[in-house]
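Chemist: With the hints as constraints, model all of the structure from the sequences given.
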Amino acid sequence: MTSIYLSSTIAAVQKCWRSAEDAARSDKGRSEPGACVRFITRDFFIRLKTEFENANRHKLIEAAFCDDLERYLQSSHRSPWVFSAAARHFATGVVARVTYHVPEDERKTGGDFGLALRQPSVSFSLPSGFSSKQHCHGLLCQAKRGALGGGWGKLTDNQKIILPARLAYLALVLYDYEDTERTRLNEFKWKSCKDASCIETIEGWLRNSTIPGCNGSELILYQLASPKYS
Numbered sequence: 001m002t003s004i005y006l007s008s009t010i011a012a013v014q015k016c017w018r019s020a021e022d023a024a025r026s027d028k029g030r031s032e033p034g035a036c037v038r039f040i041t042r043d044f045f046i047r048l049k050t051e052f053e054n055a056n057r058h059k060l061i062e063a064a065f066c067d068d069l070e071r072y073l074q075s076s077h078r079s080p081w082v083f084s085a086a087a088r089h090f091a092t093g094v095v096a097r098v099t100y101h102v103p104e105d106e107r108k109t110g111g112d113f114g115l116a117l118r119q120p121s122v123s124f125s126l127p128s129g130f131s132s133k134q135h136c137h138g139l140l141c142q143a144k145r146g147a148l149g150g151g152w153g154k155l156t157d158n159q160k161i162i163l164p165a166r167l168a169y170l171a172l173v174l175y176d177y178e179d180t181e182r183t184r185l186n187e188f189k190w191k192s193c194k195d196a197s198c199i200e201t202i203e204g205w206l207r208n209s210t211i212p213g214c215n216g217s218e219l220i221l222y223q224l225a226s227p228k229y230s
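In the numbering used here, the protein residues as written are 1 to 230.
Accuracy of the hints is not assured; some may be wrong.
As the list claims (entries may be wrong) - Below, a list of computed lysine-lysine pairs in the DSSO-like style, where the Cα atoms sit at most 27 Å apart:
#, residue 1, residue 2
1, Lys59, Lys108
2, Lys154, Lys189
3, Lys49, Lys189
4, Lys194, Lys108
5, Lys108, Lys189
6, Lys108, Lys154
7, Lys194, Lys154
8, Lys160, Lys194
9, Lys49, Lys15
10, Lys59, Lys49
11, Lys108, Lys15
12, Lys160, Lys189
13, Lys59, Lys15
14, Lys189, Lys15
Because the hints were derived from the structure by calculation, they are not lab data.
Modeler: Right, dumping it as structure tokens:
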């Protein structure tokens with residue numbers, strides 16, 4: 001079986017994410033200057049859920065996934081009439097969803113929310129068509145907000161117990177403000193924790209105003225969708 005790189009599908013997800021993030025950034029400070037981490041995360045989740053629902057209703061995720069399947073079949077030198085019909089049938093009903101971690105979930109997982117991508121490995125033959133297996137890639141996301149005096153706050157005692165076993169798929173999501181009045185959010189920044197040797201390394205990062213090696217949301221989604229992601 002061959003892993004498909006979901007370039008069109010992830011581009012559709014990135015577009016929804018960017019719209020939701022931009023809306024949260026523009027409105028958050030005006031509605032509640034210096035908003036807390038949970039308030040920002042919940043607000044962003046509601047906006048992303050709405051973006052996904054709109055995309056699903058217009059079958060944009062389904063169409064993007066169909067495009068990825070057609071590209072895979074084209075690279076396998078299948079005849080156009082065969083791969084178009086097969087891809088449309090296989091892609092029917094594909095949607096994007098987002099689930100929010102309530103406080104009870106956070107106490108169990110150590111994260112504010114999770115990102116998961118189920119990526120198909122497929123084979124195609126006539127007359128049976130597609131067969132597939134799914135591989136799940138994911139990140140456990142711990143959100144932190146920049147503090148007025150510098151740094152990004154602290155991990156809770158519970159997080160210090162739970163997170164050391166999850167560093168390989170943990171990421172910090174960093175909320176910070178453009179202005180001293182804390183009314184305009186910067187773009188979300190992400191820091192992978194997979195190279196952290198221990199939880200004390202992460203605590204050291206959080207004490208600093210600037211955390212090196214951060215990336216934007218689009219790159220994180222792109223990396224999560226890569227067949228080489230691990």
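Chemist: Now look at each hint and say whether the structure bears it out.
Modeler: Tested hints:
1. Lys59 to Lys108: Not satisfied, since the Cα-Cα distance of roughly 34 Å exceeds 27 Å.
2. Lys154 to Lys189: 17 Å, holds
3. Lys49 to Lys189: 20 Å, holds
4. Lys194 to Lys108: 20 Å, holds
5. Lys108 to Lys189: 24 Å, holds
6. Lys108 to Lys154: Judged against 27 Å, a Cα distance of about 18 Å means the pair holds.
7. Lys194 to Lys154: Given pair Lys194, Lys154 holds - Cα atoms ~19 Å apart, limit 27 Å.
8. Lys160 to Lys194: 16 Å, holds
9. Lys49 to Lys15: 13 Å, holds
10. Lys59 to Lys49: 15 Å, holds
11. Lys108 to Lys15: Roughly 31 Å between the alpha carbons, so the hint for Lys108 and Lys15 is violated.
12. Lys160 to Lys189: 22 Å, holds
13. Lys59 to Lys15: The hint holds at about 14 Å.
14. Lys189 to Lys15: 17 Å, holds
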